[in-house]
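Q: Here is how the chains run, residue by residue.
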Amino acid sequence: MKEKIPPLYAGTVTKYVFIESYKATPDDIAARAYEVSGQVMIKETCFGLQITGREEEVDRVIAHIRALDPAHIYVKDRGFPPGDPRRCRANLGGARPGYFGHEYEMGFIRRISIGLEQLENASERPENESEQKETEGLSVKRLMELIDQEA
Amino acid sequence: MAQVFIYPATSLILSDLVARFGHKPLGTALSVRERIQTAGLDSPPLQMTPDDAKKGLRWAAVEVPSGVRGRMSLFGPLIDQAEAAIIVKNPDFAFGCMGCARTDELVEFLIKQKKIPILELYYPADEEEGIIFVRRVRDFLTGLGGSS
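These protein sequence lines map, in sequence, to chains A and B.
Start counting the first sequence at 1; every next residue gets the next number (my numbering).
Start counting the second sequence at 152; every next residue gets the next number (my numbering).
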């Protein structure tokens with residue numbers, strides 16, 4: 001018979017907090033989160049935290065954490081709350097599927113951190129900002145440069 | 152505050168940047184949360200249910216594989232709500248066992264049909280592109296107005 005699971009933590013939101021910083025560790029942000037935790041539920045993980053609670057409460061805690069290292073702390077929504085029996089590996093009997101996307105993006109998220117740090121310094125605006133590098137082939141701009149060189 | 156659809160819809164980077172610049176990111180987590188917090192006849196669904204493939208018929212034809220229709224039952228309502236969109240083109244992890252190239256194409260098509268502001272990017276390959284990536288996202292989101 002299908003197991004009946006009531007809706008868990010209805011009316012709440014869960015958010016992931018990822019940290020990729022040389023100044024702070026997941027432990028540091030956990031300690032900082034507990035300082036203002038109020039009514040939210042905090043789960044510590046190897047990459048950061050999961051915070052569950054009413055949206056405004058969660059946002060308040062996240063704002064407090066983010067002040068620690070704004071360009072190196074990242075936040076996103078999560079559908080399931082922590083420990084949900086349909087998702088938690090304690091109930092599934094093995095490794096939990098998922099996290100492939102996070103693993104992929106965390107591999108180069110330092111480039112985003114650098115971009116965020118540079119935002120404050122408008123004087124270092126790169127010349128070719130309007131477009132990213134072409135992934136392959138010769139760009140029109142480069143072709144025009146070559147024509148100009150030959151002329 | 153605009154509702155900005157992000158694709159890949161599970162992207163940490165896009166979700167963070169959209170929220171950071173004062174808008175609401177529309178990602179898969181919102182659809183999943185709505186499902187699991189809604190009580191059904193028996194209980195909330197495991198994640199996807201056979202009904203989702205039927206709901207997906209609103210966005211994809213019946214001969215389209217059920218995997219695409221099931222995905223569209225998550226993405227479709229978000230696209231309907233979207234007031235703008237940011238799409239990362241050809242992300243590696245949205246193809247193969249993790250994703251579905253046909254869904255990617257259909258989502259892109261549906262967003263473009265909506266005639267909403269769209270920003271299309273590639274993931275940054277180096278630090279310089281990272282700076283450009285963030286600035287383009289920031290400029291796009293600022294242009295939507297109402298950001299904080």
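Treat the hints loosely; a few may be bogus.
Stated by the list, open to error - Have a look at the derived ranges for each label pair, beta carbon to beta carbon:
(1) B:E278 - A:K4: 20 to 30 angstroms
(2) B:R209 - A:A31: 38 to 48 angstroms
(3) B:E271 - A:D59: 24 to 34 angstroms
(4) B:K240 - A:E150: 27 to 37 angstroms
(5) B:K175 - A:F100: 32 to 42 angstroms
(6) B:S217 - A:F100: 18 to 28 angstroms
(7) A:F100 - B:E256: 31 to 41 angstroms
(8) B:E234 - A:F100: 24 to 34 angstroms
Read the hints as simulated data drawn from the structure, not as lab findings.
What you are looking at is a predicted structure, and each value in this text was computed from that prediction instead of being measured.
By construction, the Cβ of each residue, glycine as well, lies at the ideal position given by its N, Cα and C atoms.
Q: Would you pick out the hints that fail for this structure and give their numbers low to high?
A: 1, 5, 7
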